[in-house]
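K.L.:
Add chain E to chain F, keeping to what the hints say.
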Amino acid sequence: MATRHKVPGRAPTVAPNEKARVVRTTDSPNCTGACGWLATVVDDVIVDLKPAADYPCQEYNPRGCLRGMSMTHIIYGPDRVHKPLIRAGERGENKWREVGWDEVLDYIADHMKRISKDHGPESMLLFNQVVGTGYVQKGAQVRAAALLGMSFATAYDFNGDISMGFTQTVGIDCVECETRSWAHCKTAILWSSNIFQTRIPDAKFLTTHAKQRNNCQIISIDPRASQTAKGADLWLPVNPGTDGALALSMCQVVLKEGHVDWAFLQKFSDVCTLIRQDTGERLRASDVGEGTEAEFMVWDEGKDALYKLPMDSLKLPEDAKFAFRGQRTVQLSDGAKVSVTPVFELLENEILRDEYAPEHVAKTCDIPADTIRQVAIRYATERPSSIIIGMGVNHRLHGDLTIRAILLLASLVGAHGKPGESVSIYSGQHHFRLDVSPWWFPDGKRPNGVPMHYFVLGQPTGTMNPKIKFPKDGFKALFVSHANPLVTEFSAPMKDAIDRLDLFVVTDFSMTPTCEYADVVLPAPTFWEKLDLVGTSCHPYLQIQQEVVKPQYESRTEMWVQKELLKRIDPELAKQMDYTEEDAIEIMLKGGGKEVEGITLEMLQKGPVRLNVHDPECGLDEQLHEDKLFPPRAYPFPEGAQREFLKTGRMEFYKEEEIYQKMGETVPTYHWAFEHLPVSAQEMPLAIVTPHSKWRVHSTHCNNPFLRNLNRKPVVEINPKDAAMRGIKDGEAVEVFNEFGSYELWALVTEAIKPGVVCVDHGWWDRYLGAGKYHSVHTYQKVKPTHEVYYLPAVYAPGQHWKDTRVDIRRVK
Amino acid sequence: MLIDLTRCIGCDACTLACKQENGTPYDTFFARVLNVEAGTYPDVKRVYIPVLCNHCDDAPCLKSCPNKAIVRRPDGIVLVDQDRCRGTGACVSACPYGNIILHREEEGWYLDENEAYEKDFVKLRMKENVARKCTYCAHRVDQGLQPACVVACPTTARIFGDLEDPESDVSTYIEEQKEQTGRSPFHLLPEAETKPAGCYLGTMAEQRPSTLGQSDGIGDAKQEEAQRTQRGQK
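Line by line, the protein sequences are chains F and E.
So the first sequence is numbered by this note's numbering: it starts at 74 and just counts up by one.
So the second sequence is numbered by this note's numbering: it starts at 1226 and just counts up by one.
In isolation and in its complexed conformation, chain F is listed as follows (with noise of 0.2 Å):
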């Protein structure tokens, strides 16, 4: 929009309006993408957005989606909170007090102070979404946690997005390979991901750049024809739920056919460490008196020996050669003998399994045994290989098993750490770029932490990790921010939980279905109103976000609302809230690490700011390239902490704790993704599918009038043979339900998608459908015992279960 003229006019456009500036900013509501925009701003309104096209590698630019381009109207959008809210109906009846802030922080800060006594400030609960998307404003909210002493659930392991398959194997919750570096692919596996839609900004260093490089070979999996099989040369149109099974057939094929790097799992991987037959855990340094119980022993067939594994480096002598199969019998310091046997032989049994042949998997996921092959041999042979893993995998129970398949595939071949070479999981803006605890943890004290699964089931499990505090009376009060949980699949017993409560405070932009279930709503600027600093995993420039214009309507910065809440509860504390965003920025920037060292504000100011990591960045670099112990350090944790869930400090294919080994999961195995339902859920006809949707990020958007005039009605996805079988005819009204709900929707009859499967992309709010709450059909809940062994907020945590959902459907009469 750089004219107000008619558009078009006959005449030559006159110079730009004088009045206009232009800003550079960062747009971040949590789809990773942390694209560069530049607005153009006339009387503190934004006319007009372009993206930057600013990076300095120039292969970035540009950057920006249809999402981003419709900002303006979710920033004078018709869903605005404009005041402050106070509740003057019953929960959910919609009926506001609009108040001003003096009251409404007066109001809240006499609820926290008389709850925080009565009850301790534990059982006060900050939720807020998603923490990597704005280092400083929504850290300043987990800042004034930490001072009060409150509790804190990471959204990232509640979304279900953190990816404990990973965790497992490589000591931390996801690898993201920066985008760049598919462009180097000669065989890329989409594992039901859909990067055209997820990934606007980056699809083309797939697409174009590594097409016209290596003439690469994009291979989709997915139980559904989704956008990106469009540029996709394989699709496989898998069983739902079944991934974990064919991962380990293509791992069979690999290992019978013999493209097994040896020399890469003996270096990089846990797979010669001994397993005791009597314990069934790793032999260790102390057991046969050579060491300590953090250090591991191999056997060295070169010297016929045991071996010490080197516990400050995955350096090994030029010589060693280490048994990967093969049982011994070895002394024990005490005089005892055990029969020990390597992980690699364990894992060999595992997939040599019958039930692993391409044959016998060809039905299990209705995959040809030929294709199996080839997809296999091809990954193995036609290198640089990379696999970017969706959604539609991790969103499971058993989501963990798989994502240790498809690992330990990669790893059999050695595909990982190269440019075009890595298992990336884009699980979400979620991993921090730097050290973000000197801002977040003020003298290091840290919140409460405790995941919000035990919020919602009301109670810990009789497994739950004895680290995590739960609240003495329970918790009494929630404060979201940014985030709408009453819009995802658990709705029904986060509203049970919510209905417990003294005091629910949500801080949003939009009047969400959250915030209309709120006691309390303070209107928050969008992303385009306020200073931050934003990272992604998507690319390694580090951004800050402006106030391009200043908060809109009566909103104010999270930094303000925390500041001036803890002036009301305690002047003392407050004063270690007395800070401005320039100042958080400069105290991340100083205290964050290697990553950031150099890096200023005044950089940052005149545009993005590569951060100090390898070029490109693969995934895993300082391991394979600097022989550094896993795990890769998960920000904002100490060194050291992740290392009690992965102590050989390598690849883990074997997880030896008790739990483990009572579920028959030390190594990776395939469980039927719907086996833990009970058969009545079992039964039900179809699997659903909820991708995310190209017109929304999550739920946002949803409301967003510009995107709704494309996207105008929800639907699901139905194969022409399901509707036949139920009578129902495209574009006709239908309802999904099971035994837990019901809601109304649209039937779109589509080639495009597996009998057996519907799709209903997710974030819809209810206020949409023809009928019925989106969310209320779900499944059971559910915490995995092995996700509770240990605990690091959003690194070793229960993760989610969303897509082991069973439906049926019917037409409305």
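Since the hints were made in silico from the structure, they are not lab data.
Every value quoted in this text rests on a predicted model; they were computed, and no experiment measured them.
You may find that some hints are simply not true.
[To be verified] Taking lysine-lysine pairs in the PhoX-like style, the calculated list, with each CA pair at most 25 Å apart, reads:
1. Lys394(F) - Lys376(F)
2. Lys623(F) - Lys1348(E)
3. Lys186(F) - Lys636(F)
4. Lys92(F) - Lys1344(E)
P.N.:
Structure of chain E alone, referenced to chain F:
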């Protein structure tokens, strides 16, 4: 404008960039992306075809207008003059591509009527009940800028420039692709004989999507090489 269909991922960034730039009302899209599904499960294909005014050399809309409201600038851009247009709709019927839009009812908008964004910056540029279409962002071109949909395309599938200038980006790209991939640009609906300025590059042999079970499902490098050479020779 050239659109390389192998690059397009159907993301609609162009659609929205156009709306942001041109401030078009509800249901008015100068740039659209057609999302086509073809085939029967499991042999299914998806195709995205971005469409917009083709700025034809022999534009039927221009000839059809009884009020001489449609003009071609010397640089080839075809414009509807909002002041001269009386909303007869003749051009809408004449355009074989369906890329001219005329709303006879009251215009629909997106935001609250008091929001400055629309009230002060968008609506005043629009005259009601007249024909509208893509201008190739003539106002930007006049400032030496590229059209909004071009700068916003995250896959750089749109290449804009003067087809008659052999040095222009678009001519260079066409030449390069002819050499490297054997592809030549084509027009939509050539039978309409309107000499469109908008053209497309199609799918490459090795990018034909296939599903399981087909013998050519997975890359046989030699076979592809042969296919490419064959296409190049054609």
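K.L.:
Decide, hint by hint, whether the structure agrees.
P.N.:
Evaluation of the provided hints:
no.	hint	result
1	Lys394(F) - Lys376(F)	holds (9 Å)
2	Lys623(F) - Lys1348(E)	holds (24 Å)
3	Lys186(F) - Lys636(F)	holds (16 Å)
4	Lys92(F) - Lys1344(E)	holds (17 Å)
Going through the hint list in order, the structure satisfies each hint without exception.
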